[in-house]
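Chemist: As given, the protein sequences belong to chains A and B, one line each in that order.
Heads up, the first sequence is in full-length UniProt numbering, so the first residue is 1 and it goes up one at a time.
Heads up, the second sequence is in full-length UniProt numbering, so the first residue is 1 and it goes up one at a time.
To be clear, the hints were calculated from the coordinates, so they are not data collected in a lab.
Backbone N, C-alpha and C define an ideal beta-carbon position, used for all residues, glycine too.
One or more of the hints may lead you astray.
[As the list claims (entries may be wrong)] Straight line, CA to CA, 27 Å or less: simulated BS3-like cross-link-like pairs of lysine-lysine:
1) A:K148 x A:K63
2) A:K143 x B:K32
3) B:K32 x B:K229
4) A:K63 x B:K32
5) B:K10 x A:K63
6) A:K148 x B:K10
7) B:K229 x A:K63
8) A:K143 x A:K63
[Said to hold, decoys possible] Each pair of labels, with its calculated beta carbon distance range:
9) A:E139 x B:G274: 52 to 60 Å
10) A:G151 x B:G166: 51 to 59 Å
11) A:D71 x B:A255: 31 to 39 Å
12) A:S147 x B:A292: 51 to 59 Å
[Said to hold, decoys possible] Pulled a few chain A residues facing chain B out of the computed Cβ check, cut under 8 Å:
13) R56
14) D58
15) L150
Letter by letter, the chains look like this.
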Amino acid sequence: MQDRDREFRAYFEARAAVVRRTAFLLCGDWHRAEDLAQTALAKVYVHWGRLDRSGRVDAYVRKVLVRAVIDESRWRGRRPETVVEAVPEPAEAATGVEEAMDVRRALAALPPRQRAAVVLRYWEDLPVAETAAALGCSEGTVKSQVSKGLGALRRALATNRTVLWEGS
Amino acid sequence: MSDEVRDMIKAALADEPASGLEFERVVQDGRKRRARRRFGVLTTAAVGVVAVAAVAVSGTVASSSAPPASVLSTSPTSVTSSVAPAPGCAAPAGMGGFPDQPRGSATPEELAESARLTEAFAGFALPLPAGVEATPLRLCAIDASWGGDFGLTGDRTVIVYVRPLGRQPPGECRWFTPETQCSVRALPDGSTARVTVEPGSEATLATADVWRGDGTYVSVMETGGTGSKNRVLTDDQLVAVATAPQLKVQWVGRAVPADPSNRRAAELDQVLAGALPPGLTVERHLPSDEAALRFRVSQGGYRAAATVTDAEGRGSVMVTVDVPRDGEPTCRDRSACRVVELAGGRKATVETTTEDGLIRRHLYGQAADGSRLTVQSSNVADMGPAADRPTRPTPPLTEADLIRIAELPGLHW
Numbered sequence: 001m002q003d004r005d006r007e008f009r010a011y012f013e014a015r016a017a018v019v020r021r022t023a024f025l026l027c028g029d030w031h032r033a034e035d036l037a038q039t040a041l042a043k044v045y046v047h048w049g050r051l052d053r054s055g056r057v058d059a060y061v062r063k064v065l066v067r068a069v070i071d072e073s074r075w076r077g078r079r080p081e082t083v084v085e086a087v088p089e090p091a092e093a094a095t096g097v098e099e100a101m102d103v104r105r106a107l108a109a110l111p112p113r114q115r116a117a118v119v120l121r122y123w124e125d126l127p128v129a130e131t132a133a134a135l136g137c138s139e140g141t142v143k144s145q146v147s148k149g150l151g152a153l154r155r156a157l158a159t160n161r162t163v164l165w166e167g168s
Numbered sequence: 001m002s003d004e005v006r007d008m009i010k011a012a013l014a015d016e017p018a019s020g021l022e023f024e025r026v027v028q029d030g031r032k033r034r035a036r037r038r039f040g041v042l043t044t045a046a047v048g049v050v051a052v053a054a055v056a057v058s059g060t061v062a063s064s065s066a067p068p069a070s071v072l073s074t075s076p077t078s079v080t081s082s083v084a085p086a087p088g089c090a091a092p093a094g095m096g097g098f099p100d101q102p103r104g105s106a107t108p109e110e111l112a113e114s115a116r117l118t119e120a121f122a123g124f125a126l127p128l129p130a131g132v133e134a135t136p137l138r139l140c141a142i143d144a145s146w147g148g149d150f151g152l153t154g155d156r157t158v159i160v161y162v163r164p165l166g167r168q169p170p171g172e173c174r175w176f177t178p179e180t181q182c183s184v185r186a187l188p189d190g191s192t193a194r195v196t197v198e199p200g201s202e203a204t205l206a207t208a209d210v211w212r213g214d215g216t217y218v219s220v221m222e223t224g225g226t227g228s229k230n231r232v233l234t235d236d237q238l239v240a241v242a243t244a245p246q247l248k249v250q251w252v253g254r255a256v257p258a259d260p261s262n263r264r265a266a267e268l269d270q271v272l273a274g275a276l277p278p279g280l281t282v283e284r285h286l287p288s289d290e291a292a293l294r295f296r297v298s299q300g301g302y303r304a305a306a307t308v309t310d311a312e313g314r315g316s317v318m319v320t321v322d323v324p325r326d327g328e329p330t331c332r333d334r335s336a337c338r339v340v341e342l343a344g345g346r347k348a349t350v351e352t353t354t355e356d357g358l359i360r361r362h363l364y365g366q367a368a369d370g371s372r373l374t375v376q377s378s379n380v381a382d383m384g385p386a387a388d389r390p391t392r393p394t395p396p397l398t399e400a401d402l403i404r405i406a407e408l409p410g411l412h413w
């Protein structure tokens, strides 16, 4: 195996699952998430030497994922079918899978950029500046998108659950 | 606050299914992308120099040169106004841009076909716009297929690939990016043409694939260097090149599997319908999902994966059908693995592994046409952050179930 492949394998084994989860949170579909993750990781392989030296591999992956999801949402917007569901009705207290479904539906109801901003800030734990870089927008826009996104999630999930955040 | 939000988001991952991401497939995908990208850069560099010396007359291609080596060169010196017949050539192993990876070598018969195709195409009047010139095309052996490229005025390159049809049915449109445009049309001679245009951020790719009535498959792709987005050839002109009689391959090729398609995935759904044991129900991730095991095109093959439930709890099931290939499943040194014989004498391996209460069952087999089949089941539905713990005592499918599914008559590519 070439050095390139060996080094990339180490990255793949360490990060593939994380990339797939982030992709899922961005798109809401595990199958699609896997395709997105494969594409992002294949692109990393293409640019491995440069990315590895720069230490920007994860940032590159995030940018690929976010752009793909946002582009796809635009595309779907012009097609008859849509995967984004309406904001769900307030649910009974939920645990486990039910809770997962509630959160998933609430995330899916967010506009793609808001969803990406929330996922990158709070799941990937990125600073505002890096979130802005991944989204290709200003830091002010990130703050605005995150605020709106969290507000929408709060409204969707608040019933029968403790409001987990305030004033965001 | 951030930890609480993070925990909330984490909850969305509670029923994460088993990952189908495979290192080898990602690397294979990456290598193709890398080769195509590198090929574009090299070609553009060569074309940039060649354009100065090219002597092609507008509307026709210049006669091909006869470089001494039997390996394709991207050097500008390969383009002259010589009219000597070109010898056969083999595309270098690292060259990308083709559906196949070049072997880097060729049999005498492949070299002969390379020479014949190159010479024949030199006599084809390219349908070029006024003022556009083209460099010669040499079609070099790839792997029972032939390919090469020619440059066009305007920093554009046309990659031509031909092979025997191999009874492959015409492909269907697939949209790789949101901006992709695709159409399929029947031609008067019984051929089928698919035109795909991918704007892309680096360069616009326009491809005409033609499954020809004369038994040849031809792909003609116009691309360019980074930032090259203005096409030179129209859809019709690409199709005209792809239907050039001079590109008919006189070669007995092997059978070529069909491209994966949503249509075939839907057919495979019917094959799998009713294959789960009674009492097992497929969970829906969203209310809009169908409660059924559905195939979809994924990573170049077909995959059906689901969380299933019965009175014992939740577990996972995954069935994949991959493109037919040579070879036979083997246990090698895996002690828990055994080889079983499926209907028709086909071999399969079956293995059940247990680790910390997690029980996973795998079957690797082949359909009669050589399709690679995988049937898996585990007693864990959760593979995510809160996962790696059994969600039922045993997997929902027994080894006998795996074998029964692998033996379904219609489960193949």
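Chemist: Within a Cα-Cα threshold of 27 Å, do A:K63 and B:K32 meet the stated pairing?
Modeler: 21 Å, holds
Chemist: Given the hint of 52 to 60 Å, is the C-beta distance from A:E139 to B:G274 inside that range or not?
Modeler: With a Cβ separation near 55 Å, A:E139 and B:G274 satisfy 52 to 60 Å, so the hint holds.
Chemist: Would you check the hint for B:K32 and B:K229, treating anything up to 27 Å between C-alpha atoms as holding?
Modeler: 21 Å, holds
Chemist: So if I understand the rule, the pair passes when the alpha-carbon distance is 27 Å or less; does A:K143 with A:K63 pass?
Modeler: 18 Å, holds
Chemist: Does A:K63 lie within 27 Å of A:K148 when you go C-alpha to C-alpha?
Modeler: 21 Å, holds
Chemist: Given the range 31 to 39 Å, decide if the beta-carbon distance of A:D71 to B:A255 lies inside it.
Modeler: Between A:D71 and B:A255, where Cβ atoms are some 37 Å apart, the hint holds.
Chemist: Hinted pair, alpha-carbon criterion (27 Å max): A:K143, B:K32. Please report holds or violated.
Modeler: Not satisfied, since the Cα-Cα distance of roughly 39 Å exceeds 27 Å.
Chemist: Holds or violated: B:K10 with A:K63, Cα cutoff 27 Å?
Modeler: Roughly 21 Å between the alpha carbons, so the hint for B:K10 and A:K63 holds.
Chemist: Is the hint on A:L150 kept, meaning its closest Cβ partner in chain B is under 8 Å away?
Modeler: 7 Å, holds
Chemist: Could you check if A:D58 really has its C-beta closer than 8 Å to a C-beta on chain B?
Modeler: Result: violated, 16 Å to nearest chain B Cβ.
Chemist: Can you tell me whether the CB distance of A:S147 to B:A292 sits inside 51 to 59 Å?
Modeler: Once the Cβ atoms are compared, 40 Å apart, the range 51 to 59 Å for B:A292 and A:S147 is violated.
Chemist: Given the hint that A:K148 pairs with B:K10, test it: the Cα-Cα distance must not exceed 27 Å.
Modeler: 20 Å, holds
Hints 2, 12, 13, 14 from the earlier list are contradicted by this structure; the remaining hints agree with it.
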